[in-house]
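Participant: Assemble the complex: chain A is given as a structure, and chain B must be docked to it using the hints.
There are 2 protein chains.
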Amino acid sequence: VDRIDTLVVTRHDLRRIVRAVGLNTLMDHTIENLHAALAVRDESATTIKPRDGFHLAGQEPGVFEWMPIMKGDQRITLKVVSYRPGNPVRFGMPTIVATNSVYEASTGHLLAMLDGVFATALRTGAASAIASRILAMPDSRTVGIIGCGAQAVTQLHALTRAFEVERALVFDVRPANAASYAARVSFLEVDVQVATIAEIEEQADIICTATSVDAGRGPVLAGTGVRDWVHVNAVGSDLPGKTELPLHFLQRSLVCPDFPAQALVEGECQQLGPDDIGPSLAELVQNEDRYRDWRQRATVFDSTGFALEDQIVTEVILQCAHEVGVGTRISLENVMGPPMDPYAYVLSLDDSNPWCTDHTASPRHSAGV
Amino acid sequence: VDRIDTLVVTRHDLRRIVRAVGLNTLMDHTIENLHAALAVRDESATTIKPRDGFHLAGQEPGVFEWMPIMKGDQRITLKVVSYRPGNPVRFGMPTIVATNSVYEASTGHLLAMLDGVFATALRTGAASAIASRILAMPDSRTVGIIGCGAQAVTQLHALTRAFEVERALVFDVRPANAASYAARVSFLEVDVQVATIAEIEEQADIICTATSVDAGRGPVLAGTGVRDWVHVNAVGSDLPGKTELPLHFLQRSLVCPDFPAQALVEGECQQLGPDDIGPSLAELVQNEDRYRDWRQRATVFDSTGFALEDQIVTEVILQCAHEVGVGTRISLENVMGPPMDPYAYVLSLDDSNPWCTDHTASPRHSAGV
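Residue numbers (the numbering used here), protein chains in the order written: chain A, 1 to 369; chain B, 1001 to 1369.
Just chain A, with the same shape it has in the complex (with noise of 0.2 Å):
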């Protein structure tokens, strides 16, 4: 463990991992990495906080929060994220802008920092693709898309992974972004169209609904029309008030929220009593034949987002960085000095001093904030 300077994986990193590894292998671990930590979730190993944060005024709401997640007193992970649907209208930027940082825990030291757009999009589509592997029918081929923003690009991704996915009709409320999507996923070589909200529901297996809905100005789906063995990944819901499918349609549905504490502030399952709330993602993957049955019936993955997925997408990107030979060191923190003096080392004139044993200088400087 290097305990003097902190890895970043910056965004040129990323891309290096990319053309390295591919885009379907980051996928398939996250997928697979984030099953198998579902499988075996053992509560007093790793602490979850439920995420907190300040909600933002401004021309459309948003919140900025942080994630925390400790494993086993050895990391932890923090997402520090912000929701803020204006974003690309108002400043061409994502509407999630996120940063994953990894601490070790028995110092406090920041081990790594990665880029948390990316990220969120990767493990948000995965967890959908693992809730969809038990809950879906095996032989789905059409797949809708509602809202056709940044995540629904990884849920596709994500569903042609687990699925032999030929069609996705998509709907946007901005027809622009409905239209663009294609292209977006052109890569996975499905046939996309786009649709209205009741073809979707005729015709599609599965749903997904990745939208910035205002809160209290759901639902996106009738849920009238849809097939009756549908599976719906409701994923945009992260902001108390917002939800997106009809009541009557969670009602007659088995509704799996990925963490039920959250879900319950800020999922589909705000509408729903106790009652009516199935089993968590890491009771559907420890009891996926309990489950099977409902693959013929409306199934609902009620996915607010939580900080295991955070830390699984955050440790896949820091392995894959290890074996493709990418990172950048920063030589953040004050620790250079004997640790009872916080001067010693700014005040220090001689870069050759002995506890000054730091090679990795950052040579590139550039002034203003």
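Hints were generated in silico from the structure; no laboratory data involved.
Each residue gets a CB set at the ideal place from its N, CA and C atoms; glycine is no exception.
Treat the hints with care, since some could be wrong.
As the list claims (entries may be wrong) - Stretches of chain B that chain A covers, calculated by requiring three or more beta carbons in the stretch to come under 8 Å of a beta carbon on chain A: (1) 1005-1014; (2) 1062-1070; (3) 1223-1229; (4) 1326-1332.
As the list claims (entries may be wrong) - Label-pair restraints from in silico Cβ distances: (5) A:E189 <-> B:A1057: 46 to 56 Å; (6) A:R174 <-> B:E1060: 51 to 61 Å; (7) A:E60 <-> B:Q1286: 32 to 42 Å; (8) B:E1283 <-> A:V324: 52 to 62 Å; (9) B:P1050 <-> A:R90: 51 to 61 Å; (10) A:A36 <-> B:E1283: 52 to 62 Å; (11) A:G58 <-> B:D1002: 11 to 21 Å; (12) A:D276 <-> B:N1287: 22 to 32 Å; (13) A:R90 <-> B:Q1319: 25 to 35 Å; (14) A:E60 <-> B:D1052: 20 to 30 Å; (15) A:D73 <-> B:E1164: 40 to 50 Å.
Facilitator: Below, chain B without anything else, positioned relative to chain A:
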């Protein structure tokens, strides 16, 4: 505002700032800006969440915490901080390891990051100087230091910026820490003598307790032989159950917490009922004259450390970085491609493609996590 990259003030940058600006100027700016922020503190413009975190097991108790503050819906400062009293002996690392991050609230973009080891020590010293300037005798000459770790260095430094300190009497349960203290504060030109707690009580005008005493193992001060006008900065409290001062001393003193909601959980105020607690640091600053008579009597600054201090010191250091022209840009977030395509940038093969206008690529890459 740069919404593409993140400015990192590395420890090398920090050293350049100290060389250019000087430690005294940094401390003075932190004291002045924190005083100004406390003086005008408008609760509606600044939102502070009480810190939360993981309690850590292992050989010593410890915590891993996040301390968020939002200023006027514009900037969010988040300190992530560990308190691990075993660090110096076990790992040669500071007891407190931290990083401070600044986010743009409107987008969630990580604007800047810097070391929090130096910053925490600086701001904790600054807070004590502000409280002492109001509550201690203006002609205080002798400072007592109980607990000679990293925080003790900046306690004495800060006090020398507010008082004509001539002498420091210092004690530590580990004699080696007391013995090494004089060298660590030699730049202050104060006469430093190792002393007993009884000698400190008898002679000090101002006492700083900055210990890693275990929860339930205090107090670290008898409080029976102190001078009538003694002012105590109790800065060690950071854990539920951990306190440094005896109840009888608190009960006859004016006790001023930095952040009352937190001091009731982690500070000396844990020992007190609501009626025994004096004004907060902000109230003290806003009503200096009302508390001036307490200079002749025993007073306590119950310093648990709070996010406003971290926000101020972060701004001071970033402003200095800007003026000195240092800082290192990293390309952390995957925000380069079309905002609704998390894969576009990482899949792009051509660095000159139209939406890839990032010309701040990191020049150095090293293998390994």
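Participant: With reference to the structure, classify each hint as holding or not holding.
Facilitator: Hints and how they fare:
Here's how the region 1005-1014 of chain B fares: 7 of its residues keep a CB closer than 8 Å to some CB of chain A, so the rule of at least three is met and the hint holds. For the region 1062-1070 of chain B, the proposed coverage by chain A is satisfied: 5 residues have a C-beta within less than 8 Å of a C-beta in that chain, meeting the threshold of three. Counting residues of the region 1223-1229 of chain B whose C-beta sits closer than 8 Å to any C-beta of chain A gives 0, which falls short of three, so the coverage hint is violated. Only residues whose beta carbon comes within less than 8 Å of a beta carbon in chain A count, and the region 1326-1332 of chain B has 7; three or more means the coverage holds.
Look at E189 of chain A against A1057 of chain B: about 50 Å separates their beta carbons, and that is inside 46 to 56 Å. Separated by about 54 Å at the C-beta atoms, R174 of chain A and E1060 of chain B satisfy the suggested range of 51 to 61 Å. Here the CB-CB span from E60 of chain A to Q1286 of chain B is close to 36 Å, well matched to the stated 32 to 42 Å. Evaluation of the 52 to 62 Å hint for E1283 of chain B and V324 of chain A yields a pass: the beta carbon distance comes to about 56 Å.
For P1050 of chain B paired with R90 of chain A, a C-beta distance near 32 Å fails the hint of 51 to 61 Å. Distance hint check for A36 of chain A and E1283 of chain B: the Cβ-Cβ separation is about 54 Å, which falls inside the suggested range of 52 to 62 Å. For G58 of chain A and D1002 of chain B, the hinted distance range of 11 to 21 Å is satisfied, since their beta carbons lie about 20 Å from each other. Taken as a hint, the range 22 to 32 Å is violated for the pair D276 of chain A and N1287 of chain B, whose Cβ atoms sit roughly 55 Å apart.
Here the CB-CB span from R90 of chain A to Q1319 of chain B is close to 27 Å, well matched to the stated 25 to 35 Å. A hinted range of 20 to 30 Å holds for the C-beta pair E60 of chain A and D1052 of chain B, which are about 27 Å apart. Our hint of 40 to 50 Å for D73 of chain A and E1164 of chain B holds, since their Cβ atoms are close to 48 Å apart.
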